[in-house]
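Make the full structure from the sequences, and use the hints.
The sequence shown begins at 1 in UniProt numbering and counts up one residue at a time.
No lab work stands behind these hints, which were simulated from the structure alone.
Please note: incorrect hints may appear among the correct ones.
Claimed, not checked - Simulated restraints, written as ranges between beta carbons of each label pair:
#, residue 1, residue 2, range
1, A146, A99, 22 to 28 Å
2, E139, A59, 31 to 37 Å
3, A116, A146, 16 to 22 Å
4, D74, D161, 27 to 33 Å
5, L171, R123, 35 to 41 Å
6, R170, D74, 32 to 38 Å
7, G128, L175, 38 to 44 Å
8, Q57, D129, 45 to 51 Å
9, R104, R136, 19 to 25 Å
10, S50, R131, 46 to 52 Å
Since this is a predicted model, take the numbers as computed values, not measurements.
Even for Gly, the Cβ is constructed at its ideal location relative to N, Cα and C.
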Amino acid sequence: MSARQLEPADALVTIAHAQVHGGDTGQTGKRALGKDGKSAKPMRPPAAKSVGWALVQAARLHRARVGDRLAALDLFAGQEQVVQALAVAGSMTMGDLAATLRVRPPTASKTISRLAALGFVERRAEAGDGRIVRVRLTETGLAKAAAIEKIWDEVEAELLDDFEGKEKRRLRKLLRKAAGNLAEAAGVSGHEADPETDGDPEDDHDHEAETLIGPVASDAVARPV
1 MSARQLEPAD
11 ALVTIAHAQV
21 HGGDTGQTGK
31 RALGKDGKSA
41 KPMRPPAAKS
51 VGWALVQAAR
61 LHRARVGDRL
71 AALDLFAGQE
81 QVVQALAVAG
91 SMTMGDLAAT
101 LRVRPPTASK
111 TISRLAALGF
121 VERRAEAGDG
131 RIVRVRLTET
141 GLAKAAAIEK
151 IWDEVEAELL
161 DDFEGKEKRR
171 LRKLLRKAAG
181 NLAEAAGVSG
191 HEADPETDGD
201 PEDDHDHEAE
211 TLIGPVASDA
221 VARPV
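So, in C-alpha cells, the structure goes:
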C-alpha cells in the first residue's frame, strides 16, 4: 500500500495524538492557546461519531487492499467491477453495463476499450441488428474473473475477521439499507433489493446472485488511479 493511500489513516492518528496531548503546538503535553490566551478546545477527528466517516475509511482501506492485488492481474481498482458484471451477465450492451455500474455510457466505453486492448473483453454486433453492440469476456477475461473472485474473498476475510455469521448478515443488510436510502435521496433507480431475511440464522453463506453496484454518480470506476 502506498504512502499516499495511507494519508487518511495517518491524518486520523495525528489528530488523535493532538487531542490526547491537548492540541498540536509542536510541544508535547502543551495545549494550543486561543486569541484570549486561554487553552483552546481539544481537537476531534472530523465527524468522529459519524457512520458515514467510518464507512468511508473502511471503503478506502478495502479499495487499497483490493487494488494492490489487482495490480498483479494488470487491472486497476474499479475495472474489476466491469469484469465481474460481464462474468455474471454473459454479455451486455454498453448501455446496460453503464446502468449496472451507475456510470455514464462514455465512461463505460472507455473502460471497455482499455480491457479490450488487454484482450480481456470483445465486442460483437447484436444478431439481427448491427447497430447494437454487445460486450463479453474472452477466455482470458473469464480467467481474470475467477482470479478477481478469489481476491475479493481474501479481502472479505480480512474485512470480517472475527465476525460471527449473524453479524456479517446483519452488517450486509444494514449497508444495503443505507445505500438504498442514499439512492432514493439521489433519485437513482435500479438499486438492488435485499433478498435476505432474518429468518435463516444458520445459513452463513450468501448464495444469491447479487447485482454489481458501482460508485453512484461517479466515473471513477473506469479511470486508472
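Pairwise beta carbon distance, A116 to A146, judged against the given window 16 to 22 Å:
Given a distance of about 19 Å, which is inside 16 to 22 Å, the answer is holds.
Starting from the range 38 to 44 Å, see whether the pair G128 and L175 falls in it by beta-carbon distance.
holds, 41 Å
Outcome for the supplied range 32 to 38 Å, where the beta carbon pair is R170 and D74:
Holds - the Cβ-Cβ distance for R170 and D74, about 37 Å, lies within 32 to 38 Å.
Cβ distance range 27 to 33 Å for D74 and D161, holds or violated
Between D74 and D161, where Cβ atoms are some 28 Å apart, the hint holds.
For Q57 and D129, compare the CB-CB distance with the range 45 to 51 Å and indicate the outcome.
For D129 against Q57, whose Cβ atoms are near 47 Å apart, the range 45 to 51 Å holds.
Taking the CB of A146 and the CB of A99, does the distance hold inside 22 to 28 Å?
Since the Cβ atoms of A146 and A99 sit about 25 Å apart, the hinted range of 22 to 28 Å holds.
So does S50 sit 46 to 52 Å from R131, Cβ to Cβ?
Given range 46 to 52 Å: holds, Cβ gap about 48 Å.
State, for the Cβ atoms of R104 and R136, whether the hinted interval 19 to 25 Å holds or is violated.
holds, 21 Å
L171 versus R123 beta-carbon gap, inside 35 to 41 Å or not:
holds, 38 Å
Between E139 and A59, does the beta-carbon spacing fit 31 to 37 Å?
holds, 32 Å
Checked against the numbered hints above, the structure breaks none of them.
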